[in-house]
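What follows is the residue order along each chain.
Protein chains: 2
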Amino acid sequence: MKVGILGTGMVGATLGSKLVRLGHEVKMGSRSANNEKAVQWAKENGARASFGTFADAAAFGEIVFNCTAGTVSLAALTLAGASNLKQKVLVDVANPLDFPKGMPPTLSVCNSDSLGEQIQRAFPSVKVVKALNTMNCAVMVDPALIPGEHDAFVCGNDKAAKAEVVEILRSFGWKSIIDLGDITAARGTEMVLPIWLRLLSIYQNARFNFKIVK
Amino acid sequence: MKVGILGTGMVGATLGSKLVRLGHEVKMGSRSANNEKAVQWAKENGARASFGTFADAAAFGEIVFNCTAGTVSLAALTLAGASNLKQKVLVDVANPLDFPKGMPPTLSVCNSDSLGEQIQRAFPSVKVVKALNTMNCAVMVDPALIPGEHDAFVCGNDKAAKAEVVEILRSFGWKSIIDLGDITAARGTEMVLPIWLRLLSIYQNARFNFKIVK
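Going down the list, the protein sequences come from chains B and S.
Counting from 0, one number per residue, gives the positions in the first sequence under numbering that gives the first Met the number 0.
Counting from 0, one number per residue, gives the positions in the second sequence under numbering that gives the first Met the number 0.
These are calculated hints, taken from the structure and not from any lab test.
Computed from a predicted model, the values in this text were never measured in an experiment.
Take the hints with a grain of salt, since some may be wrong.
Copies of the same chain look alike in the list, so a pair counts if it works inside one copy or between any two.
Stated by the list, open to error - Pairs of lysine to aspartate or glutamate, EDC-like flavour, derived with a Cα cap of 16 Å: (1) Lys100 <-> Asp150; (2) Lys213 <-> Asp150; (3) Lys42 <-> Asp150; (4) Lys174 <-> Glu163; (5) Lys213 <-> Glu148; (6) Lys87 <-> Glu148; (7) Lys100 <-> Asp112; (8) Lys17 <-> Glu166; (9) Lys213 <-> Glu35.
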């Protein structure tokens with residue numbers, strides 16, 4: 000499959016590399032056509048890895064991952080272009096973390112709205128699926144890093160799009176994937192970030208994840 | 000031990016009854032001295048159970064549980080009286096759930112503040128410990144209702160107060176209790192309510208809880 004990755008940070012690079020290893024063709028997009036980190040990432044990931052602008056990556060992907068910082072995601076997606084994203088599945092991995100006073104961050108949107116919903120409203124023809132925003136990126140692509148069962152969450156308005164994302168998550172090794180319903184559930188998954196960040200500061204280690212025990 | 004319970008709802012009644020069964024003396028407080036639910040609860044719970052005003056319950060308790068609705072907790076605690084609460088451990092079980100548009104609720108405070116912090120600021124001599132606000136009340140007092148390991152969280156500024164609350168939680172059957180640090184971590188535990196409520200609406204059953212898997 001052809002995949003567009005928006006963002007050149009740790010999350011984008013980790014997801015992009017995993018997708019390349021699984022046999023997909025991946026184009027990493029950024030604000031500029033020759034972002035240093037994207038060039039380096041493509042060099043390290045072989046023939047199936049390429050780079051370009053946000054618009055290049057969005058046009059290239061049959062499915063697109065939003066791995067930009069949450070506070071600039073809407074701007075990045077605008078540069079990616081509604082016409083390049085149209086009708087596609089957009090996996091929104093971002094969290095709207097804002098650092099007005101340093102650590103810990105706050106959320107730039109929460110409670111009665113979420114980044115996932117903002118993106119869905121701004122790009123109504125795109126099939127937004129919020130996923131993988133509740134764990135560290137190493138865990139995202141290799142859940143077996145943490146022993147035992149633990150959960151990934153998905154939510155979004157389009158069932159077929161969620162099924163497609165669930166299939167990708169299974170190819171990453173995810174066994175327990177909880178469908179939380181429509182995109183308004185993104186409020187819930189984004190709002191776990193404060194406790195996640197607190198646990199990170201206590202453990203000094205990002206190898207942990209949530210599990211819902213019943 | 001003498002325990003004051005503020006609030007006559009399901010949470011207060013369930014916690015109060017458990018504490019009575021464990022041998023404690025419990026006074027349930029409410030806005031009026033003769034709240035019907037408090038009178039009925041005391042009748043059902045025998046000689047160690049009594050009722051009165053918020054101030055009566057606060058004065059009675061060596062430790063006090065805030066089981067009022069989060070949006071009225073500060074008002075209830077003001078009625079309970081700073082002098083009755085002074086230097087005591089206050090276990091804040093409440094969540095600031097607000098229902099301006101019905102279900103699902105939003106949080107009346109979150110992100111850069113929390114109910115736990117608001118209470119601590121309003122009553123600086125009280126030792127506020129946020130605990131038990133991340134699961135259903137039946138699970139609070141009987142964690143074995145859910146098979147396997149799952150977690151309770153505590154946070155607060157006073158270590159001895161947290162240790163006392165941890166001991167009470169252990170007497171309820173809690174085995175895994177995560178200390179999240181100071182009271183600002185209440186932001187984290189209160190902000191898990193949106194995903195908790197979404198899971199409740201999916202499962203149609205409150206017998207589930209969070210576990211942090213490492």
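Cross-check of the supplied hints:
1. Lys100 <-> Asp150: Close neither inside one copy (31 Å) nor across copies (30 Å); limit 16 Å.
2. Lys213 <-> Asp150: Both: 12 Å inside a chain and 12 Å across chains, each within 16 Å.
3. Lys42 <-> Asp150: For Lys42 and Asp150, the Cα distance exceeds 16 Å both inside one copy (33 Å) and across copies (44 Å).
4. Lys174 <-> Glu163: within (15 Å within a copy, 39 Å between copies)
5. Lys213 <-> Glu148: Both: 12 Å inside a copy, 10 Å across copies.
6. Lys87 <-> Glu148: Answer is neither: 31 Å inside a copy and 40 Å across each miss the 16 Å cutoff.
7. Lys100 <-> Asp112: Between copies only: 13 Å across, 22 Å inside.
8. Lys17 <-> Glu166: within (14 Å within a copy, 45 Å between copies)
9. Lys213 <-> Glu35: Neither. Shortest intra-copy (46 Å) and inter-copy (34 Å) distances fail the 16 Å Cα cut-off.
Hints 1, 3, 6 and 9, counting from the list given before, are not met by this structure.
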